[in-house]
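Participant: Going down the list, the protein sequences come from chains R and L. Per my numbering, the first sequence starts with residue 3, numbered consecutively. Per my numbering, the second sequence starts with residue 96, numbered consecutively.
Don't take every hint at face value.
Among chain R residues calculated to face chain L with C-beta under 7 Å, some are [as the list claims (entries may be wrong)]: (1) Leu78; (2) Leu81; (3) Met88; (4) Asp100.
Simulated DEER-style distance windows between Cβ atoms [what the hints assert, rightly or not]: (5) R:Thr48 with L:Ser143: 38 to 48 Å; (6) R:Ser42 with L:Ala153: 39 to 49 Å; (7) R:Lys64 with L:Leu171: 21 to 31 Å; (8) R:Glu92 with L:Glu158: 37 to 47 Å.
Pairs of lysine-lysine residues, derived as DSSO-like cross-links and limited to a Cα-Cα distance of at most 30 Å, are as follows [claimed, not checked]: (9) R:Lys59 with L:Lys184; (10) L:Lys133 with L:Lys176; (11) R:Lys64 with R:Lys118; (12) R:Lys55 with L:Lys176.
Don't read these hints as lab results, they were simulated from the structure. Everything numeric in this text was worked out from a predicted model, so none of it was measured. Idealized CB from N, CA, C, for every residue including glycine.
Each chain is listed here by its residues.
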Amino acid sequence: MSLFRFAARTSALSRAAWSVRSVPRAFVPRAGYASSSGLSKDSIQTRIFDVLKGYEKIDPTKVLTPTASFAKDLGLDSLDAVEVVMAVEEEFSIEIPDAEADAIQSVDQAVDYIAKTPEAH
Amino acid sequence: MAPPPTSQAIKSLYHNMLRSSQSFSSYNFREYFIRRTKDSFREMQAESDPTRLSTLYAAAQRESGVIRRSAIVNQLYRGPKLAVELQDKEVEAREMEGHALETGLERGNN
Numbered sequence: 003m004s005l006f007r008f009a010a011r012t013s014a015l016s017r018a019a020w021s022v023r024s025v026p027r028a029f030v031p032r033a034g035y036a037s038s039s040g041l042s043k044d045s046i047q048t049r050i051f052d053v054l055k056g057y058e059k060i061d062p063t064k065v066l067t068p069t070a071s072f073a074k075d076l077g078l079d080s081l082d083a084v085e086v087v088m089a090v091e092e093e094f095s096i097e098i099p100d101a102e103a104d105a106i107q108s109v110d111q112a113v114d115y116i117a118k119t120p121e122a123h
Numbered sequence: 096m097a098p099p100p101t102s103q104a105i106k107s108l109y110h111n112m113l114r115s116s117q118s119f120s121s122y123n124f125r126e127y128f129i130r131r132t133k134d135s136f137r138e139m140q141a142e143s144d145p146t147r148l149s150t151l152y153a154a155a156q157r158e159s160g161v162i163r164r165s166a167i168v169n170q171l172y173r174g175p176k177l178a179v180e181l182q183d184k185e186v187e188a189r190e191m192e193g194h195a196l197e198t199g200l201e202r203g204n205n
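Pulled out of the complex, with its shape left as it was, chain L reads as follows (with noise of 0.2 Å):
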């Protein structure tokens, strides 16, 4: 059985695997491995057992692999943001072309 890991081990695997998380191109991924991270780590900070936690870090080490990879995948495939992630510049320039659309249209009307 490997060694229970340090407490320095498991902070820079969930800095790595919060990292890869991020950059997620579509927000649902991003957001649900940040928040799957987030609780597995949560988990493991709660287990006193050092066999168990062992077995955690060796699957949270493995999926940090999954997670890297798949988000490089992911950015390859990348849509248009959706709106809820739009930011308030972003939601601005849309209205100002809206705007700039509906005013041709009349113009276009008159």
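In isolation and in its complexed conformation, chain R is listed as follows (with noise of 0.2 Å):
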């Protein structure tokens, strides 16, 4: 008998742990596994920018325009180039196979890369 009265009060205590531990919690919103990225080409475009001033050979006074070739316009060379893509990789955390960095020649093209990649952030 005393048994029993031992179950039944350690199952009490373990309901009411359990009805502390169930407290709703705050909703954390979260992203959907089917929406965009959640970038805007203008955000992308900005922070491109931004990077493309940040780089020591570029000058960060020169205006920058959403075609500009890195090659033509900026005057980097092929190196040059790659530490462009590299910085781009850092800023929205990602990492861009060797075979689409290399087709990456201008910010437009760059921009249009983080724009279809969905693990931009």
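Fit the two chains together into the complex; they arrive one by one in their own frames, and the hints show the way.
Facilitator: Right under this line is the structure:
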């Protein structure tokens, strides 16, 4: 008998513990699986411009255009272009595969790549 | 003799080496290997002799593996950040901490 009483008591205790634990927490909004990356082209472009302005070989006072080519307009060689692409990777915390990193030769190509990459944020 | 590397291969090696150099956790090693990688690839860019170029490329490939492995070891034994690499936010946090400590001391004295 005493054993049953004990069992009842422990179960009551544990139920109390459960009820404390099940207090509803504040709802944490999370990105839905079906939503897009949520970056607008404008914000991507301004962030890429900031990255370019921070790069040592580009004059920060120079006016950047959305269609500027790394080689022709910004005067970067192929190794500089690799460094710029790396800086962009870091800014959006993604890793661009080599084949696609090679194809990025201008600002608008970089913007397009980020826009179609869902992991970018 | 190995054929001279394509520019695509050089660029992808450069990318990989810079990436592994950046993954060092200690500031001095990180900055040194980034600088060194950049210098060695600039040298490769200025080279016109194809046999010399493939020698440089092979050396860079070997070095890439060394850097990758030592970066991993360096990450295992990471220490606290140096004062030079603290971000503004962290500096502010430190100052706040110091301030709290000081006021706490004053309160203790009074």
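Participant: With reference to the structure, classify each hint as holding or not holding.
Facilitator: Hints, one by one, checked against the model:
A cut of 7 Å between beta carbons decides the hint on Leu78 (chain R): the least distance to chain L is about 13 Å, and the hint is violated. At about 6 Å, the closest approach between the beta carbon of Leu81 (chain R) and any beta carbon in chain L falls short of 7 Å, and the interface hint on this residue holds. Hint status for Met88 (chain R): holds, given a least beta-carbon distance of 6 Å to chain L, under 7 Å. The restraint placing Asp100 (chain R) at the interface with chain L holds, with a minimum CB-CB distance near 4 Å, inside the 7 Å limit.
For Thr48 (chain R) and Ser143 (chain L), the Cβ-Cβ distance of about 41 Å falls inside the hinted range of 38 to 48 Å, so the restraint holds. Under the hint 39 to 49 Å, the C-beta atoms of Ser42 (chain R) and Ala153 (chain L), about 46 Å apart, fit the expected range. Hint check: Lys64 (chain R) to Leu171 (chain L), Cβ distance near 43 Å, so the stated range 21 to 31 Å is violated. Against the hinted window of 37 to 47 Å, the Cβ-Cβ separation of Glu92 (chain R) and Glu158 (chain L) comes to about 22 Å, which falls outside the hint.
Distance hint between Lys59 (chain R) and Lys184 (chain L) is fulfilled; the C-alpha atoms sit about 27 Å from each other, no more than 30 Å. For a cut-off of 30 Å, the pair hint linking Lys133 (chain L) to Lys176 (chain L) stands: about 24 Å separates their Cα positions. At roughly 28 Å between alpha-carbon atoms, Lys64 (chain R) and Lys118 (chain R) fall within 30 Å of each other, so this suggested pair holds. Taken as a hint, the Lys55 (chain R) and Lys176 (chain L) pair is honoured in the structure, with Cα atoms around 26 Å apart against an allowance of 30 Å.
Consistency with the previously given hints fails for numbers 1, 7, 8, ordered from lowest to highest.
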